[in-house]
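Q: With the hints as constraints, model all of the structure from the sequences given.
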Amino acid sequence: MSRHIPRHERWSKIGPNEYRSGGVLVRYAQGAWWAWLSYRQRQDPGPDDSLLPPWEEKCDRLGPFKRPRNAMIAAEQHAILLRRRLGTNVAVETGDLRD
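For the sequence shown, the numbering used here begins at 5 and goes up steadily by one.
In short, the hints are calculated from the structure, not lab data.
It cannot be assumed that every hint is accurate.
As the list claims (entries may be wrong) - If you anchor each label on the Cβ, the simulated ranges turn out as follows:
1. Gln34 with Arg7: 30 to 40 Å
2. Ile18 with Lys70: 16 to 26 Å
3. Ser54 with His12: 38 to 48 Å
4. Glu60 with Lys17: 40 to 50 Å
Predicted model only: the values in this text are computed from it and were never measured.
Glycine included, every Cβ here is placed at the ideal spot set by N, Cα and C.
A: The structure is reproduced here in structure tokens:
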């Protein structure tokens, strides 16, 4: 069983309108809060491929949200969803998130 880690320990406040946790950025823009999740993904190797395919850089934008907390929660849930769906074919840097 894992220990609960509070949000203020997982997220760093960079400025008045910006929060960061690993590769996740939450920022106020265009009158709402938005989350940007940066991660690396690779395709499944084919049956005859001996080498793993190269990593592809990806970035997903989530939002708009009314509060920064909502954007943080959506980004954390999206990162967990990616990890569960893609397994070892995704690398997401999100601080101390647990599945």
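Q: State for each hint whether it applies.
A: Checked hints:
1. Gln34 with Arg7: 30 to 40 Å: Hint holds: Cβ distance 37 Å, inside 30 to 40 Å.
2. Ile18 with Lys70: 16 to 26 Å: Because 20 Å falls inside the window, the suggested range holds.
3. Ser54 with His12: 38 to 48 Å: Check passed, 46 Å falls within 38 to 48 Å.
4. Glu60 with Lys17: 40 to 50 Å: 31 Å Cβ-Cβ, so the 40 to 50 Å window is violated.
Of the numbered hints stated above, the single one contradicted by the structure is hint 4.
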